[in-house]
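J.: The chain contents come next:
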Amino acid sequence: MSAAIELLGVGKEYEGWPPVVALRDVDLVIGEGELVALVGPSGSGKSTMLHLMGTLDRPTTGTVRVAGPDVAAMNDSQLSRLRANAIGFVFQQFFLLGGESALENVADGLLYRGVDGVARREAAHQALQRVGLGHRVRHRPAQLSGGERQRVAIARALVGRPMVILADEPTGNLDSATGGELLELLLELNAEDHATIVVITHDWDLASRLPRQVEIRDGRIDGDPARVQPTGRSKLDIGLQSRSETPAATVGTH
Amino acid sequence: MAAGTPISSVRPDYLQHRPIGVLDLGRIAVAALGARRLRTGLTALGIAIGIAALVAVIGISESSRADLLATLDRLGTNLLTVTPGRSISGERPTLPERASSMIARIGPVQRVGAVEALGVTVRRTDLIPAAETGGIAVIATDAGLLPVLGADLAAGRTLDSVMERYPTVLLGSVAAVRLGLAANDVGNLVDVGGKWFTVIGILKPLPLSPEIDRSALIGLAIAEQLFGATGSPTTIYVRVSEGAIADVRSVLPATVNPADPTAVAVSRPSEVLAAKAAATSTFISLFLGLGAVALLVGGLGIANVMLMAALERRSEIGLRRALGATRSHIIGQFLTEAVLIAGLGGALGAGLGCLVTVAYASSQGWLVAIPWTGVVSGLALTVAIGAVAGLYSAVCAARTSPTESLRAA
Chain A
-7 MSAAIELLGV GKEYEGWPPV VALRDVDLVI GEGELVALVG PSGSGKSTML
43 HLMGTLDRPT TGTVRVAGPD VAAMNDSQLS RLRANAIGFV FQQFFLLGGE
93 SALENVADGL LYRGVDGVAR REAAHQALQR VGLGHRVRHR PAQLSGGERQ
143 RVAIARALVG RPMVILADEP TGNLDSATGG ELLELLLELN AEDHATIVVI
193 THDWDLASRL PRQVEIRDGR IDGDPARVQP TGRSKLDIGL QSRSETPAAT
243 VGTH
Chain B
569 MAAGTPISSV RPDYLQHRPI GVLDLGRIAV AALGARRLRT GLTALGIAIG
619 IAALVAVIGI SESSRADLLA TLDRLGTNLL TVTPGRSISG ERPTLPERAS
669 SMIARIGPVQ RVGAVEALGV TVRRTDLIPA AETGGIAVIA TDAGLLPVLG
719 ADLAAGRTLD SVMERYPTVL LGSVAAVRLG LAANDVGNLV DVGGKWFTVI
769 GILKPLPLSP EIDRSALIGL AIAEQLFGAT GSPTTIYVRV SEGAIADVRS
819 VLPATVNPAD PTAVAVSRPS EVLAAKAAAT STFISLFLGL GAVALLVGGL
869 GIANVMLMAA LERRSEIGLR RALGATRSHI IGQFLTEAVL IAGLGGALGA
919 GLGCLVTVAY ASSQGWLVAI PWTGVVSGLA LTVAIGAVAG LYSAVCAART
969 SPTESLRAA
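From first to last, the protein sequence lines are chains A and B. According to our numbering, the first sequence is numbered sequentially starting from -7. According to our numbering, the second sequence is numbered sequentially starting from 569.
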């Protein structure tokens, strides 16, 4: 299995006085086709990790590779293209555009790839069907329930078949039943379409239903039972990684 | 998504560059503006008022000028008037008796007509006090005058070689109004210098010789007989062939009065109208300035709204960045919105300005001249204003880091 995301010795410090260290010396490899929960209490640094994995931010130290290339070597427009082509986002607040229909919102997932309008809408149609919203195509976000809105957001994230889908507290604004259904959808997308999905959550119950949990606490990886070795790394990289290795504490169940 | 196709099996070139289409930029902007209709409308209105003011001011002045120039075209610019100038001694000289026939011998002169002002008054009846002249001059002339002036009759008949020997009077347009006579009053009697004269006709207005409008014209023969006219003209009207106006003008004083050319004044009435046309265009600069101020205020309105949008729509900006929008995509989006608002206002304002021009020009009876250069440059100006007004906010929006934008929600 090749790696979709690799974090090697990653640290992130926010400027200010005193400077805030959000992440320190994190090593994490997420393989293609994995479904991983990044779990930890608020303030643990998991949102920072999502931003780094999503190339929305750059690490202060260490190396972040998404879909192959090293993020540090890329400029803003290259990163934008990487996001457009290889990464899909799902946010807690959905972030759907109120003035557009569900179909248009999903089609926007392909907008910055330069796909022509007809193909965008066609793909958006299929993606909406894939998340079970084939009958809600023309509805505006305001006419949809919370669960349906998040399904639209998921359809938007997967419409371009990105290498990774990053979901930030996707069930955070949903009741538990709807959240459960949404989780089923993510599991199904992972199992049937082999989508690589990283779910960020503070909810251990939710995390425990996913195949792999990575626990973050105080900016460090506190537990990762299914650690995957970085592929094709130099000895130096391996050395860096083993230095930061912490005792694997399996928390939660599959 | 085709069933069974693994999502990650597609391997696009991740760094491939594909620019976003103009249509998509337009669609996004229209959707964003459509979602805030009231705000968009009010902002566009600011620009619209400015452009409408500019276009209307230019349009109205152009129409007025076009009308004046059309009048000039119709009347011809080849009319010269000869009047006695001031002599060195300061007394008011008269023109020599034979001046008309002398002028007629100048080659390029086409027609000559002379009038002699008489010291008498015209009144509606002899019961009106002699002091109430109404500012109407009584002048003696002959049948040759009216063709020189290009005068047309509003009613009645003209003064011909027969009628000029009888007590008949032809009234200028203003004179007729002041005497309280309309077209159907032709045939009435009026009192000229204590004698009853029959009104035989009323002239149409003569823009090049408004002094005729305020005159009552009687025949020279009857004037000599009744009022002691001397035959020395007080004004001579000369039609000249177009190419020789300057030449004729320069030889006229010496022709009329070889002994004292400085005692002869020559003027070209069309120059007054031309100057009026020119004056109109200098007068509008004030209004243009006001329009420009209105435009500036409109531009500030756009800048304000776009700045607000950049702050208010941070989460949308963050989302678009997450979806893969580059900084230039964000700048492009905001600029497109600003330019669209301005363009909308500009089109609205240009239309409004044209309507005002048409309405005002028609109400004045002018030719309607739509100032196309004004319309086009006004629209170009609004687009430029929109771009400048939107630029700062667009750059602000693009500069915000994606994580900050997402956190702001």
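FYI, nobody ran anything at the bench for these hints, they're computed from the structure. Any given hint could be a false lead.
[To be verified] Computed Cβ-Cβ distance ranges for the label pairs, DEER-style:
#1 B:589 to A:90: 22 to 30 Å
#2 A:164 to B:603: 35 to 43 Å
#3 A:-6 to B:868: 16 to 24 Å
#4 B:858 to A:126: 22 to 30 Å
#5 A:6 to B:858: 23 to 31 Å
[Claimed, not checked] One side of the interface only, derived from the structure: several residues of chain A facing chain B at Cβ under 7 Å:
#6 6
#7 9
#8 52
#9 62
#10 63
[Stated by the list, open to error] Stretch-level coverage of chain B by chain A, calculated; a stretch enters the list once three of its residues show a Cβ under 8 Å from a Cβ in chain A:
#11 597 to 605
#12 714 to 722
#13 775 to 789
#14 962 to 971
No residue lacks a Cβ here, since even glycine has one placed at the ideal position from N, Cα and C.
J.: For every hint, state whether the structure bears it out.
T.: Hints, verified against the model:
no., hint, verdict
1, B:589 to A:90: 22 to 30 Å, "holds (23 Å)"
2, A:164 to B:603: 35 to 43 Å, "violated (26 Å)"
3, A:-6 to B:868: 16 to 24 Å, "violated (55 Å)"
4, B:858 to A:126: 22 to 30 Å, "violated (59 Å)"
5, A:6 to B:858: 23 to 31 Å, "violated (52 Å)"
6, 6, "violated (10 Å)"
7, 9, "violated (19 Å)"
8, 52, "violated (14 Å)"
9, 62, "violated (12 Å)"
10, 63, "violated (12 Å)"
11, 597 to 605, "holds (count 4)"
12, 714 to 722, "violated (count 0)"
13, 775 to 789, "violated (count 0)"
14, 962 to 971, "holds (count 3)"
When the structure is compared with the earlier hints, violations turn up for hints 2, 3, 4, 5, 6, 7, 8, 9, 10, 12 and 13 and for no others.
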